[in-house]
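*Asks:* Protein sequences appear in the order of chains A and B. For the numbering used here, count along the first sequence from 1 and bump the result up by 1. For the numbering used here, count along the second sequence from 1 and bump the result up by 1.
Simulated from the structure, these hints should not be mistaken for laboratory data. Incorrect hints may have been included.
No copy labels: a pair is met if it fits in one copy or bridges any two.
To be verified - Below, in silico cross-link-like pairs of lysine-lysine (DSBU-like), each with a Cα-Cα straight-line distance of 30 Å or less:
#1 K90 <-> K27
#2 K13 <-> K37
#3 K37 <-> K27
On a predicted model such as this, the values are computed, not experimentally measured, just so you know.
Number of protein chains: 2
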Amino acid sequence: MSRSNTVFIGRKPVLNYVLACLTVIKSRQDEEVLVKARGRSISTAVDVVEVLRNRFIPDIRIDDISIGTDEISSPDHRGPSNVSTIEIKLSR
Amino acid sequence: MSRSNTVFIGRKPVLNYVLACLTVIKSRQDEEVLVKARGRSISTAVDVVEVLRNRFIPDIRIDDISIGTDEISSPDHRGPSNVSTIEIKLSR
Numbered sequence: 002m003s004r005s006n007t008v009f010i011g012r013k014p015v016l017n018y019v020l021a022c023l024t025v026i027k028s029r030q031d032e033e034v035l036v037k038a039r040g041r042s043i044s045t046a047v048d049v050v051e052v053l054r055n056r057f058i059p060d061i062r063i064d065d066i067s068i069g070t071d072e073i074s075s076p077d078h079r080g081p082s083n084v085s086t087i088e089i090k091l092s093r
Numbered sequence: 002m003s004r005s006n007t008v009f010i011g012r013k014p015v016l017n018y019v020l021a022c023l024t025v026i027k028s029r030q031d032e033e034v035l036v037k038a039r040g041r042s043i044s045t046a047v048d049v050v051e052v053l054r055n056r057f058i059p060d061i062r063i064d065d066i067s068i069g070t071d072e073i074s075s076p077d078h079r080g081p082s083n084v085s086t087i088e089i090k091l092s093r
């Protein structure tokens, strides 16, 4: 899947990412969006999807939710550490 | 589904909930466990499931992941507010 329909969730306010999702959905013919997050941002990713479907696009479908683990190397730690990930695939 | 195979995720360390899941899985014949969380604990719920399957039970299956919204009334707020939820159903 190309990255152009992917919204990566970070530490900005929820509505910033809701707007990003709306922009993706309205700009593409296939009307799919993939919401991705890692670590503490996973909760925000769920907030984004819930706000999107409760307030903005009631007929949006959650096609798939998958979780996983990424290995990241940080200069603060000795060796790599693990971080959880989530991917939520939406379409309408 | 009865509550006896449900693990509610809160603010304790991840391994506490991993142990709770292991206890449920080993004590029941159907070997199912439902991991539930709300708000900021959603990230911890994903951590719990990832640690469980990467370190403890490699053959565990994620049968379903669903997200939703609960309305909660808090004495700190005027009127109800919304909180996101996650439910992760596991079996082996």
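*Asks:* Each hint: holds or not?
*Replies:* Results for each hint:
1. Taking the closest pair of Cα atoms, K90 and K27 come within 30 Å of each other only inside a single copy of the chain (16 Å); across copies the shortest separation is 33 Å, beyond that limit.
2. Both within a single protomer and between protomers do K13 and K37 lie at most 30 Å apart by alpha-carbon distance, with minima of 14 Å and 25 Å respectively.
3. Taking identical chains as interchangeable, the C-alpha atoms of K37 and K27 lie at most 30 Å apart only when both belong to the same chain, with a minimum of 19 Å there against 33 Å between chains.
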